[in-house]
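**Student:** Fit chains B, C, D, E, F, G, H, I and J to the given chain A structure using the hints.
Number of protein chains: 10
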Amino acid sequence: MLKNIPSILSPELLKVLMEMGHGDEIVLADGNFPSASLAQRLIRADGHNVPDLLEAILSVFPLDEYVDKPVSLMQVVPGDNTKPTIWQEYDKIVQASGEPFGEFEFVDRFDFYERAKGAYAVVATSEGALYANVILKKGVIKV
Amino acid sequence: MLKNIPSILSPELLKVLMEMGHGDEIVLADGNFPSASLAQRLIRADGHNVPDLLEAILSVFPLDEYVDKPVSLMQVVPGDNTKPTIWQEYDKIVQASGEPFGEFEFVDRFDFYERAKGAYAVVATSEGALYANVILKKGVIKV
Amino acid sequence: MLKNIPSILSPELLKVLMEMGHGDEIVLADGNFPSASLAQRLIRADGHNVPDLLEAILSVFPLDEYVDKPVSLMQVVPGDNTKPTIWQEYDKIVQASGEPFGEFEFVDRFDFYERAKGAYAVVATSEGALYANVILKKGVIKV
Amino acid sequence: MLKNIPSILSPELLKVLMEMGHGDEIVLADGNFPSASLAQRLIRADGHNVPDLLEAILSVFPLDEYVDKPVSLMQVVPGDNTKPTIWQEYDKIVQASGEPFGEFEFVDRFDFYERAKGAYAVVATSEGALYANVILKKGVIKV
Amino acid sequence: MLKNIPSILSPELLKVLMEMGHGDEIVLADGNFPSASLAQRLIRADGHNVPDLLEAILSVFPLDEYVDKPVSLMQVVPGDNTKPTIWQEYDKIVQASGEPFGEFEFVDRFDFYERAKGAYAVVATSEGALYANVILKKGVIKV
Amino acid sequence: MLKNIPSILSPELLKVLMEMGHGDEIVLADGNFPSASLAQRLIRADGHNVPDLLEAILSVFPLDEYVDKPVSLMQVVPGDNTKPTIWQEYDKIVQASGEPFGEFEFVDRFDFYERAKGAYAVVATSEGALYANVILKKGVIKV
Amino acid sequence: MLKNIPSILSPELLKVLMEMGHGDEIVLADGNFPSASLAQRLIRADGHNVPDLLEAILSVFPLDEYVDKPVSLMQVVPGDNTKPTIWQEYDKIVQASGEPFGEFEFVDRFDFYERAKGAYAVVATSEGALYANVILKKGVIKV
Amino acid sequence: MLKNIPSILSPELLKVLMEMGHGDEIVLADGNFPSASLAQRLIRADGHNVPDLLEAILSVFPLDEYVDKPVSLMQVVPGDNTKPTIWQEYDKIVQASGEPFGEFEFVDRFDFYERAKGAYAVVATSEGALYANVILKKGVIKV
Amino acid sequence: MLKNIPSILSPELLKVLMEMGHGDEIVLADGNFPSASLAQRLIRADGHNVPDLLEAILSVFPLDEYVDKPVSLMQVVPGDNTKPTIWQEYDKIVQASGEPFGEFEFVDRFDFYERAKGAYAVVATSEGALYANVILKKGVIKV
Amino acid sequence: MLKNIPSILSPELLKVLMEMGHGDEIVLADGNFPSASLAQRLIRADGHNVPDLLEAILSVFPLDEYVDKPVSLMQVVPGDNTKPTIWQEYDKIVQASGEPFGEFEFVDRFDFYERAKGAYAVVATSEGALYANVILKKGVIKV
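Residue numbers (the UniProt record's numbering), protein chains in the order written: chain A, 1 to 143; chain B, 1 to 143; chain C, 1 to 143; chain D, 1 to 143; chain E, 1 to 143; chain F, 1 to 143; chain G, 1 to 143; chain H, 1 to 143; chain I, 1 to 143; chain J, 1 to 143.
I should point out that these hints are in silico values taken from the structure, not numbers from a laboratory.
Accuracy of the hints is not assured; some may be wrong.
List of simulated lysine to aspartate or glutamate pairs, EDC-like, C-alpha gap at most 16 Å [claimed, not checked]:
| # | chain 1 | residue 1 | chain 2 | residue 2 |
| --- | --- | --- | --- | --- |
| 1 | F | 3 | A | 99 |
| 2 | I | 3 | H | 65 |
| 3 | J | 3 | G | 99 |
| 4 | H | 3 | I | 99 |
| 5 | G | 92 | G | 103 |
| 6 | H | 3 | I | 55 |
| 7 | F | 3 | A | 55 |
| 8 | D | 3 | E | 65 |
So that you can see chain A by itself, here it is in the shape it has in the complex (with noise of 0.2 Å):
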């Protein structure tokens, strides 16, 4: 641990957010999302939930201004009424984060998995929530 670091992101996770820069992207997974079959760089977050760790997260990381829409989520597949209610959450913490951000970009689920596939790293979390997975693109430190 040291001082003024949430200590929920771990050493591992902290040094693969360094090492990220502009345009990669992290993603952030539910509980049941394939993560270890998809990652490239694999960071285990088991017993936590996504909101806690975006939050953290946020709390170090610059979003991409050079796109529009720097955070995405996995769109609902057609014909499953699930309403993901963690998106307003969401939503709040990226708001909260003072980093530039309009509105989410919705992805179709196996696009999200080539997504997936071409991140820097997943964080596989025990979110139990569906439709849960987030995934966020670095922008650029200004010094």
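**Tutor:** Coordinates of chains B, C, D, E, F, G, H, I and J only, in the frame set by chain A:
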């Protein structure tokens, strides 16, 4: 060994079952299956048959409700007269597991090999019955 | 995630608990414990506290009945006025687990470090309470 | 699987048995033995009992004729009333193997652990009987 | 060394033969074959010839009955007058093995190289005869 | 790079600082220190001096309050007239960090080497000043 | 550290520069470049800017005379008004190096990423200026 | 060092030469060749020239008689006036080796790079002459 | 395979013989020797006997002239009536090698094991004769 | 290859020389030295003699001024009449290097082996002269 976990599930196998996510597949292979040449992750279960393993796995592993047939078998090769009686045993075990299940999907031998290559893991048993290979597709844990 | 297994138990942690045998020890370390420098096998559980982890572990892990005190705590260093209230929480959790348990063993700080070096694994939590480290000694599964 | 080789002998186990030389020892450990923490080379045989494995191993493995007692068991700890009936089963299996054998050597629990540390390999079974661990000392193949 | 296993079968080679399944292939390569550049798994048998190895392997290894010609040889390159007399020796060894066998399949040199790339393993002998390479296709163990 | 984390702290260095626990030590070594031969974990910071690194590290790293002197320097070797002026710079940086600090501990050259061998990590800078090595002992994060 | 070699060149960086041959490329990346996700070989130079590194590298590294423009920069993205003043600094450093040099090659952002993927190495600096990435193509040492 | 083996052949190089089979190629690369970026297996011979190495290699290495030109050189790039005098030296060494040899094959620079990528190994010398790279194709040992 | 190098010397074995220096020892072990448990570097030569290997090794390997007896054998264990006739064969081979040699050193069984642990390498043959192990001490190559 | 760095210094050797710090030692070993069995880090320089390497190393490597004799040689073994003339060559090279140097330290053969075990690296040359081994102790770079 732990409390309430069948001892036939090795530490490595249980770890793999936990790592798998929605839609990932695992192959329970008979003793003549080319497991080592096809598997991305190979788990050996020498000396065991498939029914014992299948029953133990289904005690912890949910089947996928997003597809019609989450359990697949290898079709008898045309011209081969084998009548795999072991399939009825599998049917009883899956029914008894309480997982949602209608009927098996049947997959051509060489298509089965391709599925095995893409599977998250292959468990190599010593099952002596022919056409005894099974693919399980993982479902969602509802919290 | 699997059926009936607490999600705070990561695949790696469950694997390690399964691999341990009679008499092997595991340390649940607080966030200030020098886990990485002492552990033979290090399992990170950043962002978690010890009580949640302790309760989950004891749902699958037997305590050793061949010793008097299978659960050990780190003694308060002489001259330090800390009164670790978390110990009462631990007491309740162990009692509730159904495992045979009388009272805790107390171990001097530097002896505790030596025990940690010899332990099968150390789980590094982010527990903020002081003197919150615990050693569990594994018992026998009776078949 | 190969012709005339019992399927309970995994590829890795047979390789290890072949690599061993005169005087090297192998431990067949029960399910509660701390196999993973003591073994130089760990071979898992989850879900199997010791008698099945012992019989299969002795079909290919010679016992050492240069020592009086090439098969060793763990002595019952003083104060423990257990009467291990599995030892008679072991006796029959060793007699039936055709290997030269008089009686077992009995080794104190902690001495047994030291022997296990020095052994070439430990096979971790799920044997549920208590005091069911066995050490075999390899003999010479006469050409 | 073990009882009843030919000593020319190294621990690693026997392990590989056991791991192979129905339809997997192994190449017994002569001393001039580019074994190390083509093999997925390379097993060296320096100083040995192919007939000794072939005979030992067939004592434990079943040939594939699902194909017409489970044993393949490298065709003499057009324009080369070599008459490989070693093939008759191979014919006798395969006949004597009791495995079902009619005649050899002949494979063009560069097709043979492609088969070797796809084979489960290549055994690099020091066989001095030309065109002495052999591919064996593994069959099924019937229990 | 991340928000509010000095860029001189590399991903690997920050990870190591996070992994360290109460009482663990880290060496900031000058350019002539035998870092690579003594370090358990070596982190290179070529081209940097010690003061810049020290200041950045103390912005996140607590010093140990359980010992009198949590910052140690290498004593000038008897007979050497060097007067290390860099020590005053260090004193200012540590004072400014807000960490509790009285005065430096001075350690004999060869004792310093022994401490470095036991340290969790050594950071190899290119500091050109003589006797510029520093050991920091980590304290406790209070939640 | 060695005589006459700038200390900003780490042992690993100098090794990589030596290993490179005629036509191989190295990227000096700014702090926001996705170095870790694109690099075949990643060399970290956290806390350093590009000009210091560029000057040090060109003191030992020849530029390619077989191409017109052996030094490449990333073009400003259309619509972005940034005027990278750091390019003039680069121009002076390259001129002063004595290596043959006329003008820079300019490469589109995504083409630049492709070049980085094919480069022998990427050096990740903490340079804060935008569009500060440089590719150097290695020339021939004449003996 | 061994009896009758030239000391310029390192243990690793001799091992590689032995492992190669009929038709495998090895590149003797000059000091400016991009050996490390192209080689499947890289063997460094820093400080050595190509002729010394070529002579030593041909004392143990047969050239391929199944192709017309088993020794290949890199063609001078069109527009370059270099006249590589070292080729005559190579011609003498190959003639003197007793291996069957008529004339060199000449390969375009970029085709040469492709051949190097497919070669079994590349030996990186410090040869200063230009166009001094050589490819040798291995022949058959006749017993 | 290479010109003038016996094919029984595998690439790995020849590499090891080259790496050895003055005073280093190599063990030629019979098929019952515990080679795998004692060797620092294990080289398998399954299916071969010791005399063939000994003769091939001595064709390239010098014996140590700085000691009286550079070739050592394992003494017959007291009480064992074996008369190892293979020793006379060894004597002839060493005499014929041209290396300086008077008589064998005889080493007690357990001292021999200690020597094997310290040896640079152990070659595991399938030699069936008893007491057939040999230690060779390497001499100096005179240039 | 780089500008102004002798090509006999391989990338790996230069890296090692840079990593070494004050007081670390490197051995330049002759062709008969047991380099591979003693070295913590082994760098091969097959085909080279010691004087060429010594001269190249001293062009970048400072000798230790804190000890009297930073260059050590292996004493002639009592009873051996060898008069190593190569030592005078070494003397000239060290003198010419400009490094402070009075006379050599002489070390008994077996003490020399112990020093080699503790050295940061051993460079294995093919030097044919006897008693040609050298130990260099690294000094301080003054900035």
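**Student:** If a hint holds in the structure, say so; if it does not, say that too.
**Tutor:** Verification of the supplied hints:
no. : hint           : result
1   : 3(F) x 99(A)   : holds (11 Å)
2   : 3(I) x 65(H)   : holds (15 Å)
3   : 3(J) x 99(G)   : holds (11 Å)
4   : 3(H) x 99(I)   : holds (11 Å)
5   : 92(G) x 103(G) : holds (11 Å)
6   : 3(H) x 55(I)   : holds (14 Å)
7   : 3(F) x 55(A)   : holds (14 Å)
8   : 3(D) x 65(E)   : holds (15 Å)
Comparing the model with each numbered hint stated earlier shows that all of them hold.
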